[in-house]
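Chains as they are written, first to last, in my numbering: chain A, 1 to 276; chain B, 1 to 306.
The reader is advised that the hints may include incorrect statements.
List time: in silico SDA-like cross-link candidates among lysine to any residue, alpha-carbon distance up to 25 Å [unchecked claim]:
| id | chain 1 | residue 1 | chain 2 | residue 2 |
| --- | --- | --- | --- | --- |
| 1 | A | 118 | B | 63 |
| 2 | B | 123 | A | 37 |
| 3 | A | 118 | A | 106 |
| 4 | A | 118 | B | 11 |
| 5 | A | 118 | B | 6 |
| 6 | B | 123 | A | 38 |
| 7 | B | 147 | A | 8 |
| 8 | B | 123 | A | 26 |
| 9 | B | 221 | B | 188 |
| 10 | B | 123 | A | 41 |
| 11 | B | 14 | A | 104 |
| 12 | B | 123 | A | 34 |
| 13 | B | 221 | B | 256 |
| 14 | B | 221 | B | 274 |
| 15 | A | 118 | B | 147 |
| 16 | B | 147 | B | 113 |
| 17 | B | 123 | A | 32 |
| 18 | A | 118 | B | 270 |
| 19 | B | 221 | B | 210 |
| 20 | A | 39 | A | 196 |
| 21 | B | 171 | B | 26 |
| 22 | B | 14 | A | 107 |
| 23 | B | 147 | A | 15 |
| 24 | B | 221 | B | 272 |
| 25 | A | 39 | B | 126 |
| 26 | B | 123 | B | 82 |
| 27 | B | 221 | B | 147 |
| 28 | B | 147 | A | 119 |
Simulated from the structure, these hints should not be mistaken for lab results.
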Amino acid sequence: MSTLAPNVRLPRLEVTGRVAFHRVLLSEWTKLRSVRSTKWSLFAGVLLTIAFPVLFSFVTRSHWGSMSPSDRAGRHPLDIALAGVNVAQLAVAVLGVLLISAEYSTGSIRSTFTAVPKRLPVLWAKLLDYAVVSFVLVLPAVLVSFFASQAILHNIPQLQISFSDPGVARSVIGGAVYVMLVGTFALAIGAIVRNTAGGIATFAAIFFVLPPLMFTLPTSWNNAISQYLPSEAGRQIFSLHHAAHTLTPLTGGLVFVAYCAAAIAIAAVLLVRRDV
Amino acid sequence: MIEARDLTKDYGSKRAVDGLSFTVQPGVVTGFLGPNGSGKSTTMRLILGLDATTRGDVTVNGRHYRDHASPLHEVGALLEARSVHTGRSAYNHLLALAQTHGIPRGRVSEVIDLVGLHEVARKRSGQFSLGMGQRLGIAAALLGDPKTVMLDEPVNGLDPEGIHWVRNLLKSLASEGRTVFVSSHLMSEMALTADHLIVIGRGRLIADTSVDDFVARASQKVVVVRSPALESLREALAAPGVSFEPAERGALEVHGLTAEEIGDAAAGAGIALHELTPQQASLEEAFMNLTRDEVEFATEMEKAVA
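Next comes chain B alone, as it looks inside the complex (with noise of 0.2 Å):
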């Protein structure tokens, strides 16, 4: 479980994460969904206490990740950043991580076998392609069979097989309880991997909500319809509220109402209809809905500041 209260953070004078709160609860798994730049890279830092918070509050399963006896058995994070010594062998630098733990050196071995690094494992980690140095990651956070698992971008780099291996990975963490946060920007992985979301927006919480909720709340109410008496069927839908706007073959697309509205409506000013289809907005839709104004936002204050 990890418990975030006013969570914020500035550098110098620029705010990356601005008054962020949510819960990220065990057993499922949370992505953690936000444009390139939302400050969710910083979160995850400053979960770890790898950056300081200039105000608010982080814990991991009860505590400051700092106060932990055992953080690797709490914490299995993969950063964004690469963070392995380039002229050490991935063995070698699993094997580091284990020794402050105790952690024998079998469990190395079997971390490496699990994410498919055993040919490689003695080669110095600089000569790794992306993927690899994706994997070596995923190995780190697994090492110490963590009740939270926390990664940024796990599947950057990786092949459709090494994509399809993560999700499957994630999911299977989540049902033995733990907690699993993953983060990505992008809505189209996010829906395939996760029950819960919490997207942010220039280090701004805007949703945290189940994948079904954030489809169905970000999706606009847009219904096509169509009928051989148009004009006395806007007269009947017309309200505050709702506007109308052609569509094509003499369709028309009514925003602001949902098709039981419309059909209800219809139906009691005896209108007949030939179509009505709810236009149900793609996840990449809904997301840049959410997100939009916030980058909108952000792109009119870097022009202003340069």
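So here's chain A without its partners, still in its complex pose (with noise of 0.2 Å):
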């Protein structure tokens, strides 16, 4: 530390200016850009969506000529290349919890509603600003994936699909957005819950817990139900083929929207009403 001047006189700051959305926007990124941990995460979660999809083609390719024919029948090259939809979306969902969870466990959240006390335009700032990020970063490595695992598939004729195919595009990128909503959704859970450990536990509840444990319901119900989960609608936004007993990439998309969106007006009442 170097030493005070013993002369101490604040000088005077000549602009002064407004709490805007904007620079609230641009406050948030800095937040997002200036902590480590979150830069690897992101990283992580790149790596993670193009790694999986390409171990996944080198495994089928080499292991093709011993498959029965139904296991064959049961590799789809686009579930090949969105395999790393899954993995991403943890690590989007755990940085999403984390981004408004810190907040609260080192107490900065206090400097935060300091600078902007209306409180609401932080949330925003912060939702808009990682949803941008998430599919700005996926975007580009569910397109990476699709193409690379096709290069390394390029000898099975069975496995090959174009990315002008009926609906191939559509996945592609929906597994793209997908992820971003998750994001988002986590983000909201994070506000609700204000604790790191406890929001990814309920994250993980509802995203990985509740759609086996639907198994355990009669069949009908089981059917009738488990469409309407948030996993299970947004689902249909990266998948190809419509499936018995789910909803339409467009159904299951705006379902899966709306349950972000009740996540997001919760977190912004809670956000609004509650001490910190």
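Reassemble the complex: the two chains are provided individually, in unrelated frames, and hints are given to aid placement.
Right under this line is the structure:
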């Protein structure tokens, strides 16, 4: 630490500005990029999005000759290409929770809300910043995954698929849209729970525990209910084939967006009302 | 200017702030004094709107804090609890705050230099010592060139040089016409810095007074007298509310009368006095005398609850 000037006088600030949304957006962007763990989580998420399909493709290619017809029929090139989405969603969800829960655990939320006492612009800015960042990072990753897996599988005609085939472009881009939406959902969960462990656990319960739990229900109930779960509805955004007891990509996507909107609405109400 | 009217805050069934009304004027350093747990930090959070009031109201520079278009230009605050992300550098912490108001980067460097954090500004603030964390908090408070500066226990963790610097800073800010509101649980610290005092205990207002008046009011009227005719003096002074206690070397401690009253009474009765010494309570004693009841009551309450 350098020594302090004995003559203390606070220099005047000539320019005085008001709090404005574009400024809060920039401030939240600074926060997002200035914590090392954030950068590493996103980097890992992108890497895994690409690494999984590549690995999956190599394994499929090397075993193709010895695979049974039914095993071969079970392999779909798009499933291989988007195998990383499931992993990316976890990385993006954990970071989404952390972006707000870490503010509470470190106490920086008090600084944040002192600068922006109306509070809501902070939530909107975090959501927008994070949605853009996660989409901009995951979109190239799924595109690379698609073309890389297709290149690796080039000598297996049954696994060749064109980006211009019906639904393929929508599914690939949909993978990035899905991950982006998962990020906003997780951020809202983080804002509601305000605790890292609790937020991640809540997210995991909704996305990974609830779906298999549905199988304990009678089949007709399971078929009727499961398709409306956030994870199942959201999954349709990047599913090429419309299976039985699932929503269409558009309906599923809209249902998932509705879940995100509901979580964000609850987060917004609590953010304004609760003490920090 | 900070104006609180009937400010009250409950956390569950516990009342942390209880009907506080006070005004913090610009141009002077106002000390906010009270024992630990008396509600100072809560009051400051209420002022900033971080916690919602249960009852009553508080405004800063004429408005609720939340309603200011440029809050950081109105109030610069240092809160007692840590309020910095440990993974972020001091520079980026301040930059993110500055950007919400469009405050230029140059200002961030300016306040970093002012508090002497230049060499560590790019390090993760989680590695900071308590004193460095305090300096960063003070830098954040000064960032917006605020009309009102509110610091919660600013000298905590500072070395003597830092403490001296904060005292000078507070006086300098007040001399520029700003409102300066600074809390402490140490009366001696306040005596060196503050012009005015707001004293609370268990969330209630105990005193709202100048430092000098506070000491005078809080000091009990105790005078030590020596006289060759102590018995006659006792008879001359006896009155309701006046009591006596033997003091060292045959002196007498008179409670309930000023030195002037005793001297006049002695002269009137023709009694010679060999000593007449008003006992000035120290600042810390004065403070403890005022808050003792509140503290004792609190302890009894805790016992009753336990």
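Results of checking the hints against the structure:
1. 118(A) - 63(B): With Cα atoms ~14 Å apart, residue 118(A) and residue 63(B) stay inside 25 Å; holds.
2. 123(B) - 37(A): Distance ~15 Å between residue 123(B) and residue 37(A) Cα, so the pair holds.
3. 118(A) - 106(A): Given pair residue 118(A), residue 106(A) holds - Cα atoms ~21 Å apart, limit 25 Å.
4. 118(A) - 11(B): holds, 22 Å
5. 118(A) - 6(B): Judged against 25 Å, a Cα distance of about 23 Å means the pair holds.
6. 123(B) - 38(A): holds, 16 Å
7. 147(B) - 8(A): holds, 17 Å
8. 123(B) - 26(A): Measuring from Cα to Cα gives roughly 21 Å; hence the hint holds.
9. 221(B) - 188(B): holds, 21 Å
10. 123(B) - 41(A): holds, 20 Å
11. 14(B) - 104(A): Distance of about 23 Å is within 25 Å: holds.
12. 123(B) - 34(A): Satisfied, since the Cα-Cα distance of roughly 11 Å is no more than 25 Å.
13. 221(B) - 256(B): holds, 5 Å
14. 221(B) - 274(B): OK: residue 221(B) and residue 274(B) at ~19 Å, within 25 Å.
15. 118(A) - 147(B): Holds, because 20 Å separates the two Cα atoms, which is no more than 25 Å.
16. 147(B) - 113(B): Answer holds: residue 147(B) to residue 113(B) is near 21 Å, not above 25 Å.
17. 123(B) - 32(A): holds, 17 Å
18. 118(A) - 270(B): Outside the cut-off at roughly 73 Å; violated.
19. 221(B) - 210(B): holds, 19 Å
20. 39(A) - 196(A): holds, 17 Å
21. 171(B) - 26(B): holds, 12 Å
22. 14(B) - 107(A): holds, 23 Å
23. 147(B) - 15(A): With Cα atoms ~14 Å apart, residue 147(B) and residue 15(A) stay inside 25 Å; holds.
24. 221(B) - 272(B): With a Cα-Cα distance of about 21 Å, the restraint between residue 221(B) and residue 272(B) holds, given a limit of 25 Å.
25. 39(A) - 126(B): holds, 18 Å
26. 123(B) - 82(B): It holds: about 17 Å lies between the C-alpha atoms, which stays within 25 Å.
27. 221(B) - 147(B): violated, 40 Å
28. 147(B) - 119(A): holds, 22 Å
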